[in-house]
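Q: Chains as they are written, first to last, in this note's numbering: chain A, 1 to 267; chain B, 1 to 328.
Because the hints were derived from the structure by calculation, they are not lab data.
Just so we're clear, the structure is a prediction, and the values are computed from it rather than from any experiment.
The reader is advised that the hints may include incorrect statements.
[Claimed, not checked] Pairwise CB distance ranges, derived in the manner of DEER restraints: (1) A:212 <-> B:65: 27 to 33 Å; (2) A:130 <-> B:257: 44 to 50 Å; (3) B:235 <-> A:133: 45 to 51 Å.
[Said to hold, decoys possible] To give a feel for the contact side, a few chain A residues facing chain B, derived at Cβ under 10 Å: (4) 141; (5) 143; (6) 144; (7) 189.
We treat Cβ as the ideally placed atom computed from N, Cα and C, and that holds for glycine.
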Amino acid sequence: MVAVGLKGRVCCPVQRESSKHLVSEISYPANTLCPSGLLSHLARFKERLPTPPSHHAPEENYMRGITSAIANSAMLMVCLLCQPCYTLAQLFIAQQTTSPSSSCHVYDPVKYNFDSSSTLPLLSALELLQDCNKLSSMPEIWRLQLNDDIHKLQSEFGERIPIQLQFICCHWIALLCAADCVDDEIMAALSRCIQVLRPWVVAMGIMGKMRQACEGLRDLYLWLVCINPAMQTPASHTRILRTRSRLPIYRDFTTCTAGSSAQRIPS
Amino acid sequence: MISSLSILGDGHPFIPLNSPLRGVFERDIGRRCRIIAGQMDTSQAFPPQNLKPTWHYVTSVAFSPDGRCLASSDLDGNVRIWDAATGGFLQELERHNVSAQWVAFSPDGHHLASGSGDHTVHVWDAATGAHLRRLNGRAAWVRAIAFSPDGCHLASSSGDRTVCVWDTATGVRIKELRHDDAVLSVAFSPDGHYLASALWDRIHVWDFAKGSPVIQKRLEYSLYRSKISFSADGSVLRVEFPKEPPVTLHFPSLELIDNPVNPHPSPFYLDENSLCVKHQGLTLRLCWLPDYFRPTTPVTQHGNRVCIGGYNGMIAFVDLDQFALPDL
């Protein structure tokens with residue numbers, strides 16, 4: 001049994017035990033790039049998310065845990081978008097048939113009152129999200145300090161990230177999760193957002209929304225790997241392959257790894 | 001609030017070496033970090049796989065004087081030598097019967113001494129790993145050891161409430177400094193005239209030649225697992241902890257210095273899991289160690305290289321060669 005998300009798509013949350021089992025069973029073609037860390041990310045992603053704070057766990061420690069999860073999430077995201085994802089699809093197809101159901105974070109369009117039939121708001125949001133790069137102009141010394149130790153942080157942040165952009169930062173993933181995952185325009189716009197992921201996480205952190213950023217990345221991840229049970233293999237492969245071919249970082253990646261191993265696209 | 005801005009800097013230098021993310025953000029990763037667990041490089045797989053959680057931890061790490069090697073001791077009695085530049089394993093010395101508590105290189109780098117829970121101190125040839133001498137006579141765990149600046153003497157502190165000093169050439173015990181509690185750490189002043197010893201909550205300073213106490217200071221916190229050391233000019237005595245900012249004392253008064261003027265280069269320290277340095281009155285957090293790494297030793301530094309021992313036999317190697325502090 002699996003959890004059914006928007007539009008009948010099936011989201012397969014990572015299950016720790018079953019994933020470990022799958023990781024040990026799946027074999028990879030010798031010339032397929034599949035970093036050893038990637039599958040462990042997948043298998044342990046959910047595990048890495050810290051448990052909510054209790055009276056025994058101070059909030060500060062929880063937030064430190066979130067930091068690691070965020071770093072992992074961003075890493076996972078980029079890995080996912082620029083890797084030959086045949087093996088990933090294989091993993092999740094197999095997992096879909098073996099793992100028990102579990103709750104997953106799925107965007108609720110009614111709650112946010114977004115019109116998921118139109119891609120225009122989403123495309124605009126993804127375009128505006130690029131403005132998070134303005135955070136790079138803040139003093140570099142601030143990157144080495146705790147937010148609480150920087151007196152001008154909020155005012156400088158407000159100058160670079162206006163309230164509208166802050167709203168987009170908080171909701172772009174929810175908006176994306178309501179969209180059609182095989183839409184060319186959306187995938188192209190999303191591919192341009194990879195470089196802005198880090199500034200976006202920074203913006204969320206300054207707004208005190210690291211937990212939401214972490215959950216958003218998880219939702220994004222689930223949205224990217226979700227598979228329609230009626231046409232699971234073709235759909236997933238098509239989407240993944242089209243994503244790959246469009247990503248500039250994929251080309252960079254193949255360039256920087258050329259000679260060490262060859263890419264093989266499953267037919 | 002956490003330091004989210006660090007994500008724009010080098011907030012995540014522990015990216016697996018074979019991850020495409022390295023290619024994407026390579027220019028942003030100004031420092032190289034590796035965490036070695038046993039002989040496994042955890043940066044090949046993040047978070048580390050096949051790692052059995054144990055209470056086995058690294059008790060001490062020490063750079064050789066030339067900075068090329070790093071020695072480590074651990075609770076399982078292992079004394080290992082590593083390539084400080086790469087984190088690569090070089091050799092393992094003959095294992096202690098019980099825990100190895102402390103390692104120290106002689107000032108000329110030729111000898112390596114290790115103190116053990118079997119009440120002995122062993123001296124090794126640092127280049128070959130050959131066992132040279134065994135120093136007995138302690139009645140409890142050897143907690144810490146230190147060579148004198150001229151390399152002629154070796155001091156060891158112990159749970160038997162004494163600091164014993166040996167002649168390194170002959171292995172003869174030449175001095176015993178008695179305390180009223182277990183002695184956790186020991187250090188010579190740069191000129192060799194003084195010897196400082198740390199107890200659970202006190203620091204004693206001795207005139208080494210006379211063997212007489214000079215001054216003592218009671219502190220308000222536990223010095224367990226701390227390391228004491230003198231600054232290069234001998235004017236400051238530092239007490240370093242695995243996970244807290246160091247305490248700086250003026251020498252010889254042992255008065256607490258609230259805002260020490262930093263020597264050059266600035267000493268690094270850990271505040272929880274962030275590697276910090278004081279710079280013009282600001283606490284700068286250079287990188288955040290992953291939360292699976294739990295430090296058990298204070299930061300050990302040689303030039304721009306930093307090493308920290310941790311639980312599960314982990315050692316963090318941080319290379320800050322390419323890192324420059326931004327202008328304020």
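Q: For each hint, tell me whether it holds in the structure or not.
A: How the hints compare with the structure:
1. A:212 <-> B:65: 27 to 33 Å: 50 Å, violated
2. A:130 <-> B:257: 44 to 50 Å: 48 Å, holds
3. B:235 <-> A:133: 45 to 51 Å: 47 Å, holds
4. 141: 5 Å, holds
5. 143: 4 Å, holds
6. 144: 4 Å, holds
7. 189: Violated: closest Cβ of chain B sits about 18 Å from residue 189 (chain A), beyond 10 Å.
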